[in-house]
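Got chain E sorted already, so can you dock chain F onto it with the hints?
Number of protein chains: 2
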Amino acid sequence: MEEKRISKAVITRMPRYYRYLGELMDEGVERISSKALSEKMHITASQIRQDFNNFGGFGQQGYGYNVRYLHEEIGKILALDTAHNVVIIGIGNIGHALAAYMQPDMQSFHVSGIFDADPNKVGRQVGALTIRHIDELDAFVKENSVDIAVLTVPRDYAIGVAEKVVSLGIKAIWNFALIDLNLKLPKGVVVENVHLMESLMRLSYNSQNTDGFII
Amino acid sequence: MEEKRISKAVITRMPRYYRYLGELMDEGVERISSKALSEKMHITASQIRQDFNNFGGFGQQGYGYNVRYLHEEIGKILALDTAHNVVIIGIGNIGHALAAYMQPDMQSFHVSGIFDADPNKVGRQVGALTIRHIDELDAFVKENSVDIAVLTVPRDYAIGVAEKVVSLGIKAIWNFALIDLNLKLPKGVVVENVHLMESLMRLSYNSQNTDGFII
Chain E
1 MEEKRISKAV
11 ITRMPRYYRY
21 LGELMDEGVE
31 RISSKALSEK
41 MHITASQIRQ
51 DFNNFGGFGQ
61 QGYGYNVRYL
71 HEEIGKILAL
81 DTAHNVVIIG
91 IGNIGHALAA
101 YMQPDMQSFH
111 VSGIFDADPN
121 KVGRQVGALT
131 IRHIDELDAF
141 VKENSVDIAV
151 LTVPRDYAIG
161 VAEKVVSLGI
171 KAIWNFALID
181 LNLKLPKGVV
191 VENVHLMESL
201 MRLSYNSQNT
211 DGFII
Chain F
1 MEEKRISKAV
11 ITRMPRYYRY
21 LGELMDEGVE
31 RISSKALSEK
41 MHITASQIRQ
51 DFNNFGGFGQ
61 QGYGYNVRYL
71 HEEIGKILAL
81 DTAHNVVIIG
91 IGNIGHALAA
101 YMQPDMQSFH
111 VSGIFDADPN
121 KVGRQVGALT
131 IRHIDELDAF
141 VKENSVDIAV
151 LTVPRDYAIG
161 VAEKVVSLGI
171 KAIWNFALID
181 LNLKLPKGVV
191 VENVHLMESL
201 MRLSYNSQNT
211 DGFII
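The listed protein sequences derive, respectively, from chains E and F. Note that the numbering used here gives residue 213 to position 213 of the first sequence, counting from 1, and the numbers run on in steps of one. Note that the numbering used here gives residue 159 to position 159 of the second sequence, counting from 1, and the numbers run on in steps of one.
Extracted from the complex, chain E is given alone in its bound form (with noise of 0.2 Å):
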C-alpha cells in the first residue's frame, strides 16, 4: 500500500480538531460544517477541507461533518484507538506530575511503570503506581510491550536513558529534557520533545512585543 506522507503542519492541527470534536459532542452537535468549525477553530474552512482531504476526507458535500464520525476517524488517525504502554523514567517534580495525571481516565495511554534511579525514591508510590529502580528497566520492558516511554530526567542523563530505552526496543519517545533527542538517536525513532523552559521564553519575548508578533 503506497502511504502519503503528512506534512508536520497537518499533524500538528489533529490532536486540536480531535479535541474541538470532541467539546462538540460534549455539547450535542451532532454535524457541522467546514465553515462553523472554521469560525470556531479560527482556521479557514479551506485549510480544514484540505487537512481532512490528506486522509481521504470525511465530509459530504452540502451536509457538513458528522461530528462523531469524524471525532473516531481523527482518532484512529492519531493511533488513539490502541491503548499505548508507557514508562515514565525519572520521578522528579514533572515526571510525579505526569505520572499522576496519566494514570486515571486515560484510555489510550496506560502507564504501566514508573522508574527513577534514586534509590530513595524507590519503592514510593504514585497514585497507584511504585516507583521501581531504573535497573529493572530491562526486564520490565522485556516482560511488558511498552510503546512509549516518556523522559523526565535531568538534561545529562537523557541521551544515556534514551539509548538505553531505544536498546529495549521502545520506538517512541516523549521527551522533557532539555535536550534536542531527535537528533541524537536512530532513524525509526520518533521524539516529541516539551521543551518548557522554550514555551516561557517565547511568551517572555511576545509579553515584551505584543505588536511585532505575526503568526
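Think of the hints as simulated: they come from the structure by calculation, not from any bench. Accuracy of the hints is not assured; some may be wrong.
Simulated crosslink set (DSSO-like; lysine-lysine; CA at most 30 Å straight-line) [claimed, not checked]:
1. E:8 <-> F:164
2. E:142 <-> E:164
3. E:35 <-> F:187
4. E:187 <-> F:8
5. E:35 <-> E:8
6. F:8 <-> E:40
Then chain F, alone, in the frame of chain E:
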C-alpha cells in the same frame, strides 16, 4: 522607533539558539561560525544568518559569532535580562510541579505567589511558598507587580480565571489548560499554550507513521 515584525518561526528558534549558546559557553567555546552552529543545530547556516539579521546580525565576517555576546544579546531579545514576576494559579499535579520546578535557580522568572481555589490546599507549602486562596489574588497582584500568570486550572475554569487575571492587568499567560485561550482574550494579551495531551497525541501518530512523516 519603528519596530520590525518578527515571524513566529524566528521567535520559536530564538530560545533554541539561546540554549545551544549556553551549552557552548559551558564547554568553554568562545566563538563559533554560523556553519559550525548550523551543523550542531541542524539548521542551515543561511537560516541562522537570516534569523539573526532580524535583530541586526551579531557576527563579524570571517570571525564568526562571539558566543558569550550572542548568548547575552539573545537573552535580552527574549527579555531574560529582567526578572519577571510570576504567579501560578491551580496547584494540581502540573501546577505543583511547575511551582517546585520554577522556584530555584530561575533568574528571569521569579515565582512570588501560588494560588488554588481548594480550601484544603490553602496554607500548604510548595518549596518556600505557601498556597494562597484564589480570592487573595486581587490584593496580591495590586501589591506586587505581576507580569506572568501560569494557568494550571481545570479546563472549565480557564476562561474565568484568565479573564480575572487580565482584569488585574496581567498581560502574559502561560496556559496549560486544554483550551485555546489566545482565541478568547482581548488583543494585547499574549498567551503561550502548552497542550501536553496534544503533544502526546502527535507522538502517538508519529509512532505509527514513521515513514509518513516529513518536516
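To see whether the hints hold, each was checked on the structure:
The suggested pairing of residue 8 (chain E) with residue 164 (chain F) is violated, with an alpha-carbon distance near 35 Å, which exceeds 30 Å. Among the hinted pairs, residue 142 (chain E) with residue 164 (chain E) is consistent with the structure: their alpha-carbon atoms are about 13 Å apart, no more than 30 Å. About 24 Å separates the Cα atoms of residue 35 (chain E) and residue 187 (chain F), which keeps this hinted pair within 30 Å; it holds. For the proposed pair residue 187 (chain E) and residue 8 (chain F), the alpha carbon gap of about 28 Å is at most 30 Å, so the pair holds.
Taken as a hint, the residue 35 (chain E) and residue 8 (chain E) pair is honoured in the structure, with Cα atoms around 23 Å apart against an allowance of 30 Å. With a C-alpha separation of about 22 Å, the suggested pairing of residue 8 (chain F) with residue 40 (chain E) holds against the 30 Å cut-off.
Violation of the numbered hints given earlier is confined to hint 1; every other hint is satisfied by the structure.
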